[in-house]
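Asker: One line per chain: the protein sequences are A and B, in this order. First residue of the first sequence? That's 368 in the numbering used here, and the numbers climb one at a time after it. First residue of the second sequence? That's 2 in the numbering used here, and the numbers climb one at a time after it.
Honestly, the hints are just simulated from the structure, not real lab data. Among the hints, a few may not be true.
[Unchecked claim] Simulated restraints, written as ranges between beta carbons of each label pair:
id, chain 1, residue 1, chain 2, residue 2, range
1, A, R772, B, D188, 52 to 58 Å
2, A, R627, B, E11, 30 to 36 Å
3, A, D500, B, T796, 31 to 37 Å
4, B, L97, A, R772, 45 to 51 Å
[What the hints assert, rightly or not] Calculated cross-link-like contacts (lysine-lysine; reagent style DSS-like; alpha-carbon spacing at most 30 Å):
id, chain 1, residue 1, chain 2, residue 2
5, B, K116, A, K555
6, B, K513, B, K449
7, B, K130, A, K726
8, B, K547, B, K589
9, A, K435, B, K513
Glycine included, each C-beta is placed from N, C-alpha and C at the ideal position.
Listed below, chain by chain, are the residues.
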Amino acid sequence: MEKILLKNIDKPGSHKLDNYVRNGGYKAFAEALKLKPDNIIQMVKDSGLRGRGGAGFSTGLKWSFIPKDPTIPKYLCCNADEGEPGTYKDRAIIDNDPHLLLEGMMLTCYAIGAANAYIYIRGEFVFGANRLDEAIKEAYAKGYLGKNILGSGFNLDMHIHRGFGAYICGEETALLESIEGYRAQPRKKPPFPALAGLYGKPTVINNVETLACIPAIIEKGPKWFSSIGPEKSPGPKIYGVSGHVKKPGLYELPMGTTLRDLIFNHCGGMLREDRALKAVIPGGVSAPLLTPKDLDTPLDFDSLAAKGSMLGSGAVIVMDESTCMVKAAFITNRFFSHESCGKCTPCRDGTPWLTKVLKRLEHGEGRPGDIDLIESLCGNIFGRTFCPLGDGAVMALRGALKNFREEFQYHIDHKKCMAS
Amino acid sequence: MATIKINGKEITVEDNTLILDAARKAGYEIPTFCYQADLMGIGSCRMCLVEIEGQRKLQPSCITPVLHGMSINTDSSTVASARAGVLEFLLANHALDCPVCDKGGECELQDMVHKYGPRTGRHAEPKFKFHEKDYVLSQVIIKNSNRCVQCMKCVRVCREVVGRNVLGALGRGDHQEPTSFNRTFLDCDMDGNCIEVCPVGCFMRLPYRYKSRPWDLKGADTICPYCATGCRMVIEERDGQLLRARAQLGVGLNSETLCARGRFGCDFVNSAERITKPLIRHQAATWAEALASVKDGFSGKEGKHIGGVAAATLTNEELYLFQKLMRTVFGSPNIDSSSRWNSDAASAFIHAASMNEGGVSIFDCMEADTVLIIGSHISDENPVSEYIVRRISSNRRMNLIIASPRAMKLDSSANVKLRHLPAAEKAVLDAITLVINAGKLSEAEKLKAIKDSKMVDLLTAAGVGVDEITDIAKRLSASQSVAIVAGTEFLRFPDGTSGLALLKDVLKNLGKKVTVMPTLDRCNQRGAWEMGVHPSFGPGYATAEKGMDTEALLEAAMRGEIDALYVVGEDIISDYPDREFARTALSKVRFLVVQDIFMSETAKLAHVILPGASFSEKEGMFTNQEGRAQSIRKLLALPGKAKRDLDIIRAVGELFDGSFGPKNAVLVLDEIRQVNPMYSDVSLLFNNKKNSDNRLDNRAALVKCAAGVLPAAGEFASKAVSSRMEEHSFALVTGSHLFHLGRFSRKSETLLGLIKGATVEICEDDAARLGFVSGEKVKVKGKNHEVLATLKTSTGSKSRVAFIPESFEDAEVNRFFRRGEGVPRVSITRANQ
Ligand SMILES: Cc1cc2nc3c(=O)[nH]c(=O)nc-3n(C[C@H](O)[C@H](O)[C@H](O)COP(=O)(O)O)c2cc1C
Ligand code: SF4
Ligand code: SF4
Ligand code: SF4
Ligand code: SF4
Ligand code: FES
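The shape of chain A in the complex, shown without the other chains (with noise of 0.2 Å):
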């Protein structure tokens, strides 16, 4: 597949405007400018774009939320956080695209009708920080942003605001917060933020893979953008893959790329043939994880959510036999309790019981009873949190269980691991 995601993160100097404009950026843009931003809208509604930070939402439709009245200050947020463990496919395109990014925001300032828009960036990439800063101070240079932009009459001013270390920083209404200034903790929806996001105003937040989609789609037509992939979540992805292949990295396919074909094709296969495939995360540490017998499931939205599982950031995470689940299971469930925002009990006071009772099984000092306390609490805090991080880590650890109950019984009866 031709890419569009990727294509320029290899080139010498990708980061500059003036080699991303020769590459043909920014072309989309202008051309917009002379569209009334409902058209936008439409075109993006018609691809069938799905946001790429986790939900799939339609994005077409969320922007179509927002309330038309000019008199409303309105805002777009691209979501920079990238704090889902295996996942690091924005960053690719925030450090070598990051004008990619810029003129999907644009494209999406203009046909929401914002005038400001924030980058909310994960505190660690400093240096993706630094190529943005740059990046936005050459489109101010050259009239992609400020004042009647290209002559149109439309503004738009561009801020970089740098999170701070939490994994729910990324959860949307957070990272709102978080840039207000507040403590990052989730709000309650509704309001959803498209009627009183940030400042209490309208507020478009996008996934930066999903923002970096929007050039192509108006340069190329929606048409085009639909035929890729699945007809229910076309499109092209960004498979980060890591784990237990030859060859983890970025591979940007066409979405519902079988799981086979990405490890055995793409990837190379497993890392030694002598140990065979276990278990694959599909979507990031919150995904339920599958088997090899669930090897050609293609990787999308509704296909992975059929089993029990989810695309998430699209983070494929690969284990081989070697990997025990249990330990594989505390660890997970040790980053959710330590990034549980504390806000809500079940997450806040069950996670870290969680991590306890995983913890001591690891370490062969399991409890008979134990598995049934595990399911119990997993019952207590799912569907029952404020926010999805408290049932992603409910998920991830029912479905090692369901899988590998064995593995966890073995540990409390033998006190020790039963793949090494």
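Mind docking chain B with the ligands on chain A? Use the hints.
Answerer: Showing chain B with the ligands alone in chain A's frame:
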């Protein structure tokens, strides 16, 4: 309206009603931790989850509004298991040290676990601990975070209601700790609302620490004895000592909130300085001897040579009987309830604020499109009224305009804050009126009108800009309804009342709904006036033979014309704005009877001292500033030989007329109901009733319209201050302190622990200009007096204004004042200069 089903029962409620409220209405209790009616919902504790038919997940009923046709289950086994699950999680790291926890016995977590919780604990892991020992957060707060249920009510009440933002959360996840910045000492309002809302033993009262268990306390439901907000509270005692005052959720207009004075200042009743026996010439005496002496002193004296001053901290019953005694037994119209302002100012204020038209609810005022607060330092004087204004104004689209010389905490909620010169309320209001009237003119004419010399004079007198005034006028003109909150500055500078009355009329003539709500600084100031403790009107503002007010009485005394003066609860010497004059005059009164609970400066001059009762030792009724009549209840026995004021007043009456009465408080109230039409419906039964539906507005307690019409007020001489001053020169103003009001607070151990010595407050810029820093000792020097005080700086006050609170006896602030001299000028210099 939405019709829904709750546990199969159909109920129709207003749209957007929360499921929780709808369920409560239908008679189903849903447990909560983080929900509180007057705080913004956060839906975080998950205690209130309910099942909604057709929805996959349980939903938090405290933030989910009903939708027509919804079918909700609050009792299913899933709901029950979710509740038990949440409680089990809350207990996982909970300290469970109930035996040593001050909250034990009244802890919501205990109650909840008892009712909904798991019977056994499964958490067999090490517990996370925030700290080993409780730590002190302020002079009134001690904290144990290991018991926290993370409902964030403490943080929210501090931010949303008190407006202080001194609490926040540190850390994340199960390490999240609601506390002060870095757990350091709090610089806060000391109101303890964070303590009150805390469902568990995290935020605790330092003064109450380890003093009692809830079941050892005996309580009485009463009204705060400080300002006229009229907060409902429960005072509690053990072994005859008042140990704490607390507010109750959903009860009174204040619900769970109080200010520092109310919550921590009621311990004055325990003071060892209470007068416990009658004194004749400062020698202990029996009641019979003291009363005989009173009889002697008053016998054969003519009414016009007799006077009576009764404090606005007494009950309506006492005040009513007092004026009856003066008018009918002594034949004296010389009656007053204040020494700080004269009775004409009071009449003019009552007139301008339309107080004779009956009670006005603060909640109604807050429905207005624009609320203008003027002449009231509401943040310090009426803190809980301020909470209500803050809370409601932040939840509604409305204008909040604050006009005041001094900055205040509420400024941060205001759309417009106007800083004018002291005593310039009239100029401000007249200027606004002028611009509103000019609204009918063309643009050119308007410009001309605004530039005309009258306008220029007003702006100069007020020390404000034309744009500020036009902005306010514009907002008022654009409003359908306007509420004006007018405070005690109008009593100090009564020329403002005509400005207030005029603006009110102009707005009314423009077809707007206008309400005026007075804010007052004595718990029963309004009651005192409505009971007729005033030299020109009787109960219900009925016209009465004109007599002398405190000021006129002092003048007469100076001339040697006062034979006998009966003072109840008022300290004229400390309060009259010319201390030396008051002292000299009172020393010339031939027979001075003082009835009080403490040895006041005035009492020191008395021939006979009669020991009265504090609010905690008697029954009766206070009328708050809005005109809500609310009853106080007896909790404690009287100290020593002290008697209830009503009994003393009656006993004095009986000395001259055996049938003087009525004979008890209930009968007095009956008589008040008959005599005073404003109180004809007032009842001891309803006025302390618990409000349903979290509605804090108990309208049945509002007094009705008076029968008579008040005569319009006359004009007053302006006391305006000029803005031109020398380098160190300031205009001195006075009023209430956030922690101290009147004289009771000065006997409160806890409040004295917060601040003892006098402060002088000036704005930051002036301090910087003069090289002063907050906290240093400065010398405040006026023509008549000088004091050393601690400098306090405020952000955003008018330049060249100095504020010294009234209550600090060491400052004797009324010595700065001289009769007829207006606002005093003072200079402020380093203490050692
Ligand atoms: C705990 C949590 C963490 C999240 N982290 C991220 C993130 O790092 N980046 C991101 O784009 N979306 C993240 N999301 C999803 C966002 O809330 C939001 O759905 C997304 O940014 C919307 O953009 P999209 O429609 O373009 O996908 C997270 C959600 C949750 C619940
Ligand atoms: S589930 Fe609750 S505690 Fe966990 S991150 Fe979300 S809001 Fe915070
Ligand atoms: S006492 Fe009042 S101001 Fe101080 S922390 Fe508590 S709520 Fe905030
Ligand atoms: S300290 Fe008390 S009020 Fe504050 S969050 Fe904890 S339990 Fe709630
Ligand atoms: S002093 Fe006023 S505001 Fe404070 S508790 Fe008492 S009545 Fe309420
Ligand atoms: S009371 Fe509803 S979530 Fe806390």
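Asker: Against this structure, judge whether each hint is valid.
Answerer: Against the structure, the hints:
1. A:R772 - B:D188: 52 to 58 Å: holds, 56 Å
2. A:R627 - B:E11: 30 to 36 Å: About 56 Å separates the Cβ atoms of R627 of chain A and E11 of chain B, which means 30 to 36 Å is violated.
3. A:D500 - B:T796: 31 to 37 Å: Distance hint for D500 of chain A, T796 of chain B holds at roughly 34 Å.
4. B:L97 - A:R772: 45 to 51 Å: Between L97 of chain B and R772 of chain A, where Cβ atoms are some 33 Å apart, the hint is violated.
5. B:K116 - A:K555: Since the Cα atoms of K116 of chain B and K555 of chain A sit roughly 28 Å apart, the hinted pair holds (cutoff 30 Å).
6. B:K513 - B:K449: This hinted pair holds, its Cα atoms lying about 26 Å apart.
7. B:K130 - A:K726: holds, 19 Å
8. B:K547 - B:K589: With Cα atoms ~23 Å apart, K547 of chain B and K589 of chain B stay inside 30 Å; holds.
9. A:K435 - B:K513: Given that 30 Å is the threshold and the Cα spacing comes to 34 Å, the pair is violated.
Violated hints for the displayed structure, listed by number in ascending order: 2, 4 and 9.
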